[in-house]
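2 protein chains.
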Amino acid sequence: MSEGTNLMSHYKFEVPEIVFGRGMLSQVGCCARRLGGRKIFLVSDQGLFEAGWVDQVMKSLLQAGLEFVYFDQVSINPKDHEVEEGAREYLRHGADVIVGLGGGSAMDAAKGIAILSANGGRIRDFEGTDRIVRPLPPMVLCPTTCGTGSDVSQFAIISDTEKRCKLTIMSRCVAPNISLTDPDTLKTLPEEYICTTATDALSHALEAFFSIAATTLTDVHAVKAIRLLKGNLVEAVHEQTPDAMENLSRASLHAGMAFSNSLLGIVHALAHPIGGFYNANHGSINAVLLPEVIRYDLPVVTEKLPELAWGLGCKGADDEKVVAEVVQGEVDALLEACGAPRSLRSLGVQREDLPKLARNALEDACLITSPRQADFNDLLGILEKAF
Amino acid sequence: MSEGTNLMSHYKFEVPEIVFGRGMLSQVGCCARRLGGRKIFLVSDQGLFEAGWVDQVMKSLLQAGLEFVYFDQVSINPKDHEVEEGAREYLRHGADVIVGLGGGSAMDAAKGIAILSANGGRIRDFEGTDRIVRPLPPMVLCPTTCGTGSDVSQFAIISDTEKRCKLTIMSRCVAPNISLTDPDTLKTLPEEYICTTATDALSHALEAFFSIAATTLTDVHAVKAIRLLKGNLVEAVHEQTPDAMENLSRASLHAGMAFSNSLLGIVHALAHPIGGFYNANHGSINAVLLPEVIRYDLPVVTEKLPELAWGLGCKGADDEKVVAEVVQGEVDALLEACGAPRSLRSLGVQREDLPKLARNALEDACLITSPRQADFNDLLGILEKAF
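The listed protein sequences derive, respectively, from chains A and B. So that you can map any letter, position 357 of the first sequence is 357 in this note's numbering, and since no number is skipped, the others follow by simple counting. So that you can map any letter, position 342 of the second sequence is 342 in this note's numbering, and since no number is skipped, the others follow by simple counting.
FYI, nobody ran anything at the bench for these hints, they're computed from the structure. In this text, a Cβ means the ideal position worked out from N, Cα and C, and glycines have one as well. Misleading hints may appear alongside valid ones.
What the hints assert, rightly or not - Here chain A is said to cover these stretches of chain B; the calculated rule only asks that three of the stretch's residues, wherever they fall, bring their Cβ under 8 angstroms from a Cβ of chain A:
hint, region
1, 190-196
2, 215-226
Claimed, not checked - Below, simulated EDC-like cross-link-like pairs (lysine to aspartate or glutamate); rule was C-alpha separation at most 20 angstroms, straight line:
hint, chain 1, residue 1, chain 2, residue 2
3, A, LYS315, B, GLU292
4, B, LYS385, B, GLU292
5, A, LYS163, A, GLU84
6, B, LYS230, B, ASP160
7, B, LYS12, A, ASP243
8, B, LYS12, A, ASP184
9, A, LYS315, B, ASP332
10, A, LYS230, A, ASP130
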């Protein structure tokens, strides 16, 4: 693997059918029926039930003449035993289509349940790339945060509770048939999650843009996500205006379309072991790592910086060195202004764990598409700076 | 329908699986097999056969262990009787997957054959939106020009030879399963088609960008297409350098992804009756109409012009009026520099036909998404200016 920022010469690009708009949760039933469903396995969580969104989906399913089974035994950073239990329930009830409603946790749990219900075994058997043999049941995924991108991505991330790490499962069949975003659901998103999920989207967009697997098809979505975040993140965090919130939903969707096809980099390679080990918030970890990884990547991505600078709204930055400084400064300023956490220490990470985390990151699939080939010392250096 | 440039509040976005890269024609067999094919109906034309590309596809099909039937009775602006004959051949041979290789004519013919083989009847029965009832056979479409976008679009345009007009068929099921672009095929594209098909892509991108059904998901692709055309069209036309040609392929793909989801406008509403009546080249007609339609649209799309100006590489154009002039000037200059035709007269259009053409355009589905609601006099005025 060589360093550089050239576009891939041969590539694939695939995204689910996308439905987007306020009030669109009322269409979940039609979508599930269109996929051939009769008995729907609905995966969500307690918070969304209390907020009334699960009820809206249930109504939509009933209006479409569909039966459903509701499953909400899903926690943050969804666990191996939870998806294994979900798959048993799916099979016991003879369900045929899966609807996931929630943040990355509920949607990744829905994906894990889909994998196991069709393929059997333990979820860890499917870790890595293209390990899934039998086709999954059709899926409709409905994000209710503004960052995960799981609703369009070819990834599922499940926690291995024995090894205290995250399993990265990557396969085109893990992407749902339909991604349905109803930005109204953000109205009840707890305030702290606006920042942490939107900074997750920012890290998706930036890592997708710098990835060695980036193409013009992914770059356009990455840059649009960055533009939307730059223009709306601070307002959304501080004022929660509906338009700004809707634009964060949009940003999350664009970022998801980008990274699902160009993959990610060092931020996520490091965030997975940290999240798995401390059960810490994924978006917060990314927000802390992002500035350091950008600083590390910048020297090898200079060709792409003018387009990124435009995405960040910087005018007239043409000189290579100036652009790099401007980009770095803009990302730092954006994270600062939205109140993102700025140190791993503040997230509960212990200094003595850093070498182990760096070693685990070396095994993560996200490292493969990093624009700069990082070794153990590089990764440890980034962790120390971010500590 | 009101005038304006606001984004849609509710929308869908759908694109086929995309495969892109030099030499990728060798993968057509794998793609067709993945779609469940055993006996492939291969639609192409004499020119591509002579250039050796049909042979490459046949080899790829054989290597994948597939039988095939070859059908090349397709002319420019494919005719109703041609697709009706193709469907009979498809059924007679018991084919199960369709591969279309060529420009818009061969690919639209492949789509027409798919419609009739599954639904029976005459092709004119399917004119309009969502008139197709039964699911179509799986399709792989491989563009060999740099403009049509048929390989990703939900449109098929077939000539009605009795009425001397074009039938616009629009349905999500008309989009293929896989769009496979091998930019190497442009090596043998006759020189005059580089300009005419690339200006078709330019009109797709600009009409998609100004469409009232535009969304951020389509805008990013429209603007990228415009950037790629601005940066490569003149070099491709005059020097045919492989990189410039490949970027035209990419531009065509981006423009196709945009217009398939945001639809088009007045350029295409007028181009369809003109093409149907005179059997004239579609890209040439678009190139002539485009500057006049932009002039007509500009007053109602001012909000979107800064992003477009960026796409056209214009720096520092912030003032509304200046931006409009800059955009108009850039498009005019680009068409001039690549030697596009500049008058309807030069394409064989007769002045006395203009009222009839304007009247026919009023019925075209593309008019619905025009940013400015045009009546008969508006359309006639545009035709007269472009004459």
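For each hint, the structure was consulted:
1. 190-196: violated (count 0)
2. 215-226: holds (count 8)
3. A:LYS315 x B:GLU292: Violated, at about 31 angstroms.
4. B:LYS385 x B:GLU292: With Cα atoms ~7 angstroms apart, LYS385 (chain B) and GLU292 (chain B) stay inside 20 angstroms; holds.
5. A:LYS163 x A:GLU84: Holds: LYS163 (chain A) and GLU84 (chain A) sit about 16 angstroms apart, inside 20 angstroms.
6. B:LYS230 x B:ASP160: 35 angstroms, violated
7. B:LYS12 x A:ASP243: Between LYS12 (chain B) and ASP243 (chain A) the Cα gap is close to 19 angstroms, so the pair holds against 20 angstroms.
8. B:LYS12 x A:ASP184: 17 angstroms, holds
9. A:LYS315 x B:ASP332: 26 angstroms, violated
10. A:LYS230 x A:ASP130: 35 angstroms, violated
Violation of the numbered hints given earlier is confined to hints 1, 3, 6, 9 and 10; the remaining hints are satisfied by the structure.
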